[in-house]
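Two chains, two frames, a set of hints: combine them into the complex.
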Amino acid sequence: MFLSCQNAALAYDGNIVVSELNFSAEAGDYICVVGENGSGKSTLLQGLLGLKTPCAGKIICSADWRESSSGYLPQQTAAQKDFPASVSEVVLSGRIGRLGWRPFYSAADRKAAQTNLRLLGLERLRGRCFRELSGGQQRRTLLARALCAAQKLLILDEPLAGLDPSAAQNVYTLLKKLNKAGLTIIMASHDLPGALRQASHILHLQNKQKFFGPVESYKKWREKKHV
Amino acid sequence: MFDFFTEMLSYVFIVRALIVGLLVSLCAALLGVSLVLKRYSMIGDGLSHVAFGALAVASVCHVAPLAVAVPVVLLAAVLLLRLSENSKIKGDAAIALISTGALAIGVTVISVTTGMNTDVCNYLFGSILAMSKSDVYLSVGLALAVLILFICFYQKIFAVTFDENFARAAGVKTNLYNIFIACLTAVTIVLGLRMMGALLISSLVVFPALTAMRVCKKFLMVTLAAALISVFCFLFGLVLSYIYAMPTGASVVIINIALFLFCGLLAGLQAKGWLRTILVLVILGGLLAAEEKVIEIKENFFVTQTNEIYANAPDYLGRTLKYEGIFSLYEDPDSGKKYYAVIRYGPGCCGTDLNAGFEVVWDKEYPQANDWVEAVGKLEEYDDNGIRALQLRLASLKILPVRGKEQVMR
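Top to bottom, those sequences are chains G and Z.
All residue numbers for the first sequence refer to numbering that gives the first Met the number 0, where the first residue is 0 and numbers rise by one.
All residue numbers for the second sequence refer to numbering that gives the first Met the number 0, where the first residue is 0 and numbers rise by one.
In isolation and in its complexed conformation, chain Z is listed as follows (with noise of 0.2 Å):
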């Protein structure tokens, strides 16, 4: 598991999609309760395409193409705000329009001039290779910068976001609290752009806010889970399209939409009084799944764990224990049979009745005695000439070349 991050780390362009798509799910995360509520979940789509064709415009005239985009899809945001307050044009009608017209010019600059390539479809799905070194420093430093505006202007955004009438008449400034909440979201989006793509980045907006939704019921306690849910389902869709060379963006928004459905799921159940049920028998399978664990005597507390075992024996028959100790021999002078064990030396000073550990009995070859093994095996119950005994049936029996404490004293 541990080398398996090092590994997918040890590549620089993952390690920047990584900084800069958690900080934009971040971002994206906390800006969408407050667009979701207000119903400007939409705005997210449309700031999107402004912001492909800015990218494409820029990409053709050489340009830094962050440099261009942000100012672009700001004045959009702004734009955009205006429109949908204008009574004449309404916002969702807006938004359609300037995001399909941004669109057509991104797409029509691109096919006259480079021509349709793999480039336009980066643009429009995402690619994680998108990251440049001085990207990465904008971007974080954007994101960052969002981040504390967003803390610092929390208060006022619920504010604004859950009554913007009585927001007005208390003496908030809501248009502009609207306009910064756009222009915060105009800069997420086009941060996250080239990585999640034009066309999926507003699921990045839209989808933790309405899991969040479904699950919590305090403004606060949305936002955070929001935000949690976010970066989760960013990380994991990043694994998740490293591991089988999925795109980035696409992974993300798959593993959003199966936690919104799985919450929705949860909030389904609980309406209808199943939540409980279902989570005792989710406990109960997890404990009978818990029974078929293997149980490791470790050295620090082997007499004491050995002792336990003995103790409660019912408890342990069936199960599978694992341990490592002395392989040993002894033959009762009186009938002849041989016992096989894997032991260590308990705190008693020569007895040899003091030493914990367990007989053993298998099907293949016994090793030499005094070799250091570890043995698995299932413990069982058998009437040994009347008397009661516990033995261990191995599954597996391996000789160690490196020897552990051979003489235990708890």
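Same shape as in the complex, but just chain G (with noise of 0.2 Å):
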């Protein structure tokens, strides 16, 4: 076991917003979060992050999975809009898990910040100041900045808004690949028919955990829901 949620409820600002949470995540796995605007996705991804305590319940999560550095793409960004920084600088903080003790970034992760900078098209912009690129860009660089920071564990809350159909279909790729070499991916996400294609599980929220099991069940589900 990698991660479970055992009845949990997550609050936000006082207020219970998603609860009887019962699902257990295994390494490897590729879980799409999906429900409505409201439904708890996001509140339920800062809490298996740990930036949030359940109110009731419990989440667990195994050691080593603790101990290493988590990627994290938040939904907004919550670096203010007149921050100064460049792409580079941003996507480097990535690594800041790794840094340990040490006070300045190595050889290695500036290797990986540049391959991460590739992987997403973003050479070109890593002198760009944050503050000035489209929606698009930043959450582009954002992604490379939670690629960078994760070891077993890539959390995404909707990657995808903002981004072109090419380089949403970019990213979708990406990410298989990196699923296909072990990381474990949970992913809040508005595109049903993507999530279908790509992942391995589908939890189903909509302030309760409605549905959580194999893609392939969650379409039967579906449909008898709808029928």
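Bear in mind the hints are in silico, worked out from the structure with no lab data behind them.
Here the structure is a predicted model, which is why all the values come from computation and not from measurement.
Note that CB positions come from ideal geometry on N, CA and C, so glycine has one too.
Hints should not be assumed to be uniformly reliable.
Claimed, not checked - Within a straight-line C-alpha distance of at most 35 Å, the following computed DSBU-like cross-link-like pairs (lysine-lysine) qualify:
1. K179(G) x K172(Z)
2. K172(Z) x K207(G)
3. K175(G) x K217(Z)
4. K51(G) x K216(Z)
5. K110(G) x K172(Z)
6. K151(G) x K37(Z)
7. K37(Z) x K57(G)
8. K216(Z) x K151(G)
9. K172(Z) x K175(G)
10. K110(G) x K37(Z)
11. K151(G) x K217(Z)
12. K217(Z) x K51(G)
13. K216(Z) x K110(G)
14. K176(G) x K172(Z)
Unchecked claim - Taking beta-carbon pairs under 10 Å as the criterion, some of the chain Z residues facing chain G (in silico):
15. F152
16. Q154
17. D162
18. N164
19. A168
20. V171
So this is what it looks like as structure tokens:
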């Protein structure tokens, strides 16, 4: 077992947003969290990362995951609009979890940042100021940063928001490749067809856990529900 | 200029203020970038008031002021952060609570015991005389510690400032670093407080960062620029306060404001696309001003430089030349006309035509021939019986007691 929720509930500003969470993820899973706006997807992801403590139940994760650094792509950038930072500085900061007590990044860190910049087609933007980029470019920069950070787990909150179709397709291909290489991915998404194509498991939320299971059984569950 | 600085630095208290001030402004600027971006600018202000209260209590109890103030303000920094994370009292309200509370305690303690006097005024608005020798040692030590810690944790500070949630997910103990930043700020503020004043010290935190953010776009650049700006403003402010006998803290802040507005203007012009035009105009103006400058012909390349002026005479007409040489007189045997000149003997062996220098005219009395003089005058062209010749219309001609090299080879 990699990560599991046992009857967990999470609150946002004192109000319970999502409850009755009972699922577990294994290493190498690719889970898509689907549901309407306000159904508790982002809150759940923050709970899984340990940014929020559950107000009821438990979220348990294995020790080796807690110790390694997880990549996180927030839905809204917590960074302010006027923050002066270049794209390469932002992406390199993804390696922060591996810095330990060293004061500066090593050549290996820089190389990893370079690779991820290339994977997301950001090479030409590396010297640009983050705040001056378009929404889609900012999104890709933050995704590159998350990839830099992810050792075992990658948690993405709507990674495709604001991306054009070809960029979105690239991201999907990239994620599939990383997942095959052994990375566990948990991602909130509004793109259901994409999720059904990509994921191994689906978690359907509507302030409560409506469904959790492999993609095939989710398809059947949906048909039953709609028919 | 040099004499001025030697005179200024001959005062021990100014040297102390300079050392401590430079280190404090450096630390404040570095931390300021992070504080301003995290929307914690007011923490500096709050902590300075707490420091005022602590210093007041310390001075009343006759204890070493820094030894009391540093731990108290550190405690307040941690408390402030804890309070602003607590959702019941929001950050700005928490700061207002603590800062006014501490200020009230400080003022009460002082007025009950020693009465409101110049000490209070010095604490509030700063005094350059505040540093004792032991204070300087402690300040230098603490400031260096802040600097070293900042450099060691620079990457973490960036990550925590840019996106706290992400940094936490990546395994950084963000709360620890928030407290760490607040503690470094607390120490910096206490150190700078008595020189800058409780009411003015937080400007050291805020202004350089804001100014740097207007012109730079990379975090590293912003940090370095803020440090540079802060140090520059402090130096300039200190000199200003020395010359015009103004309070040090206030002059540093005024310089900071001026630079902030200037950088804002630059950024605004750039945004509107006017920056290049203005720059070109400034450069042109500079060139025009340089036109007016005196051209000095030095001993080293005397012949070369005079040759250059003769060869490109049109470029030099109307310019002011300044050089030293032998005043000499020559009378044309045919026309009887007298020529005056300031020259040096050139590389030729005996012919006078190889002497380097210019014919001179002026409306006052000429000195003796063979006097060593310094000539300053405007180069002009005139018609000497059909020959176009150059002459120097003198503005001044000084006889110098010490003679330079009469024979110049190049």
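Going down the list of hints, with the structure as the test:
no.: 1; hint: K179(G) x K172(Z); in the structure: holds, 31 Å
no.: 2; hint: K172(Z) x K207(G); in the structure: holds, 31 Å
no.: 3; hint: K175(G) x K217(Z); in the structure: holds, 33 Å
no.: 4; hint: K51(G) x K216(Z); in the structure: holds, 33 Å
no.: 5; hint: K110(G) x K172(Z); in the structure: holds, 25 Å
no.: 6; hint: K151(G) x K37(Z); in the structure: holds, 30 Å
no.: 7; hint: K37(Z) x K57(G); in the structure: holds, 32 Å
no.: 8; hint: K216(Z) x K151(G); in the structure: holds, 33 Å
no.: 9; hint: K172(Z) x K175(G); in the structure: holds, 31 Å
no.: 10; hint: K110(G) x K37(Z); in the structure: holds, 29 Å
no.: 11; hint: K151(G) x K217(Z); in the structure: holds, 30 Å
no.: 12; hint: K217(Z) x K51(G); in the structure: holds, 31 Å
no.: 13; hint: K216(Z) x K110(G); in the structure: holds, 23 Å
no.: 14; hint: K176(G) x K172(Z); in the structure: holds, 31 Å
no.: 15; hint: F152; in the structure: holds, 7 Å
no.: 16; hint: Q154; in the structure: holds, 6 Å
no.: 17; hint: D162; in the structure: holds, 5 Å
no.: 18; hint: N164; in the structure: holds, 5 Å
no.: 19; hint: A168; in the structure: holds, 4 Å
no.: 20; hint: V171; in the structure: holds, 6 Å
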